[in-house]
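Visitor: One letter stands for each residue in the lines below.
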Amino acid sequence: MKVGLLYSRIRRDEKLLLAELRDRDHEVEKVDVRKTTFGVGAAADEAAVDVGAAADVDGTSEGDVADESAGDDTDTDGDTDTGGDTDTARTATEAAEVLRDCDVVLDRCLATSRSLYSTRFAEAYDVPVVNSPETARLCADKVETSLTLAAAGIPTPETTVAFDTDTALEAVESFGYPCVVKPVIGSWGRLMAKLEGRAAAEAVLEHKATLGHYEHKVFYIQQFVDKPGRDVRVVTLDGEPVAAMTRSGDHWLTNASRGAETNAFELDDRAEELARAAADAVGGGLLGVDLMETGDDYTVHEVNHTVEFKALNDAVETDVPAAVVDWLESQAAETETEADTETEADTETETNTETETDDGDSDEEVTPVA
Amino acid sequence: MVSRQIDEHAMTEADCVECGATVTLHDDYEIGEIVDCTTCGVELEVLDTEPPVLDRAPELEEDWGE
Chain S
-8 MKVGLLYSRI RRDEKLLLAE LRDRDHEVEK VDVRKTTFGV GAAADEAAVD VGAAADVDGT
52 SEGDVADESA GDDTDTDGDT DTGGDTDTAR TATEAAEVLR DCDVVLDRCL ATSRSLYSTR
112 FAEAYDVPVV NSPETARLCA DKVETSLTLA AAGIPTPETT VAFDTDTALE AVESFGYPCV
172 VKPVIGSWGR LMAKLEGRAA AEAVLEHKAT LGHYEHKVFY IQQFVDKPGR DVRVVTLDGE
232 PVAAMTRSGD HWLTNASRGA ETNAFELDDR AEELARAAAD AVGGGLLGVD LMETGDDYTV
292 HEVNHTVEFK ALNDAVETDV PAAVVDWLES QAAETETEAD TETEADTETE TNTETETDDG
352 DSDEEVTPVA
Chain V
459 MVSRQIDEHA MTEADCVECG ATVTLHDDYE IGEIVDCTTC GVELEVLDTE PPVLDRAPEL
519 EEDWGE
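In the order they appear, the protein sequences are chains S and V.
Using our numbering, read the first sequence as starting at -8 and increasing by one per residue.
Using our numbering, read the second sequence as starting at 459 and increasing by one per residue.
All the pointers check out, no bait thrown in.
Covered by chain V, per the in silico footprint, the following chain S stretches (three or more residues, Cβ under 8 Å):
hint : region
1    : -3 to 3
2    : 174 to 180
Label pairs and their computed distance ranges (CB to CB):
hint : chain 1 : residue 1 : chain 2 : residue 2 : range
3    : S       : ALA141    : V       : CYS477    : 46 to 54 Å
4    : S       : GLY286    : V       : GLU508    : 51 to 59 Å
5    : S       : ASP288    : V       : THR497    : 49 to 57 Å
6    : S       : ASP157    : V       : PRO516    : 34 to 42 Å
7    : S       : ARG189    : V       : PRO516    : 32 to 40 Å
8    : S       : ARG189    : V       : THR470    : 54 to 62 Å
9    : V       : PRO516    : S       : GLU264    : 38 to 46 Å
10   : S       : ARG189    : V       : GLU508    : 56 to 64 Å
11   : V       : CYS477    : S       : ARG189    : 45 to 53 Å
In silico negatives: residues of chain S with every beta carbon more than 10 Å from chain V:
hint : residue
12   : ASP92
13   : THR151
14   : ASP241
15   : ASN254
16   : GLY286
In short, the hints are calculated from the structure, not lab data.
All values derive from a computational prediction rather than experimental measurement.
Beta carbons are placed, not taken as given, at the ideal position from N, Cα and C, and that holds for glycine.
The shape of chain S in the complex, shown without the other chains (with noise of 0.2 Å):
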């Protein structure tokens, strides 16, 4: 199998995620997105050139070493290396037929920006990419998030949406105190607001106005939930649970990048009911489902695109970047099989057609042309 794996930051997420695709022989491609530019009809068009993407296949190991001068070539471990993991350039076609040469194309990308875009142009190139475009969309916008749960019918925290600071403080008025602002797009519980009065409501929303980009004017307004010190995360794939924690903290905000302590959490039939049908209303794929528990119930508040794993890998025994990795390849073997069927399809297609040109009779049997 062959993986295009879209970063601009390696973290230690993605190192297991290369250690074990590597472990399993499989080949990768690390595009680095701040180095690759997408063209529009790039895979066609020979002028859409720039600086592009740095790539790997494999080379990177101890004692891996390369002859990066003898292009496509074998290295010291015996493995394939279509150049090493250097910062070469690479035009806009090329990094079109690198991920077109894929059989799977992974976004692991840290910049929201970066993640949706360049996900949209692996979809125009026709690349399998996980997760979809549109699935980073549904995910990477809180607004687009909640309204995509609440039609699905998901318990998700109530949530009002406001444009201008007055409507938005009448909006936390109308909640009353504590509640939450947060910015539509954003991670690890930066720029999140836990409004207790009006005083600072009004501060925080003349804040946010000021801040410059248009996202900030677009104020979303959340009741406070009252958790009972903690969250739940869980990574699923496809809908499928493939493991959970606690997050706990003293802190309101209980995010594992802000040093909440982690555990491993069994999933009870209505969490990963939820889970399940979170990630389901966002289009599945690998995804992580934060829910909050509410006494008799949860609530779901956000689903993540480029999960974070690394602190679930350590609270539990499950090894969920080789979970990831078996799903990667029955993604790559799904696609193959589609792709078999289509081929298949189309040469009986063709076979029919002759068939009907030649003697006008569609009904007749034809075995397909192998």
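Please arrange chain V on chain S, whose structure you already have, making use of the hints.
Guide: Below, chain V without anything else, positioned relative to chain S:
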């Protein structure tokens, strides 16, 4: 952004571009990985391997995350 190639070190060591201290890299270091200088604390990005090339890591962007 100015990068420096460190030729004089062993394969898994490079100089910090901020303070000049020696930064030891794990054997499985990757292009694109971020390492911390244990002396000055600056975040460094691995730009190349064999030999390692480090530079200051990009600042945190607003849309980073998961």
